[in-house]
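Construct the entire structure; sequences and hints are all you get.
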Amino acid sequence: MDLIYTGGCACGTIRYKINEKPMFMNDCQCRDCQRMSGTGHGSYLTFPTRQSVSLEGNPTNFEMVGDSGNTKTSSFCPNCGSPVYMTFAAMPNLFTIHATSLDDPNLYQPQAVTYTKRGYVWDHLDPSLPKFETMPQS
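The UniProt record's numbering puts the first residue of the sequence shown at 1, with every later residue one more than the last.
Any given hint might turn out to be false.
To be verified - Below, computed lysine to any residue pairings styled on SDA-like, alpha-carbon distance capped at 20 Å: (1) Lys21 to Ser52; (2) Lys17 to Tyr108; (3) Lys72 to Ser37; (4) Lys72 to Met23; (5) Lys72 to Gly38; (6) Lys131 to Tyr108; (7) Lys21 to Gln109; (8) Lys131 to Thr116; (9) Lys17 to Leu55; (10) Lys131 to Gly40; (11) Lys17 to Pro48; (12) Lys21 to Thr100; (13) Lys72 to Arg50; (14) Lys117 to Gly66; (15) Lys72 to Val53; (16) Lys117 to Met135; (17) Lys72 to Phe88; (18) Lys21 to Ile4; (19) Lys17 to Leu107; (20) Lys117 to Thr39; (21) Lys131 to Asp67; (22) Lys117 to Val65; (23) Lys21 to Pro110; (24) Lys17 to Thr100; (25) Lys117 to Glu133.
Don't read these hints as lab results, they were simulated from the structure. Predicted model, so just to flag it, every value in this text is computed and none were measured.
As structure tokens, then:
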């Protein structure tokens, strides 16, 4: 049986179930992720397609333009404000969830740190992870 990733917001209004393996797990230190997380980075699992994603609830969406110049949409709970997932205009098939939205956050195993050029010295991340000044090319 394949691993199913489940999670949602703090109050349970937004829920997801994903029956697919993530293609990438990363800590991102870009300014947008810092602001969304309230810390020095955001932690994410990115899935290659939306076909295996089941969503419940109606999130509120916020669009922003990243360092790349591309638009990304952050979807969060309108009740509790928890960030739950992100989508990207330039890569419409990808689906990215916030690691802390997982029912079992221990499933998150970061593979890299991205946007280190925006990082802070007080944001201590795993020193053994590969680090990239921006987003690595696929």
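Failing hints, ascending? As far as the earlier hints go, not one is violated by this structure.
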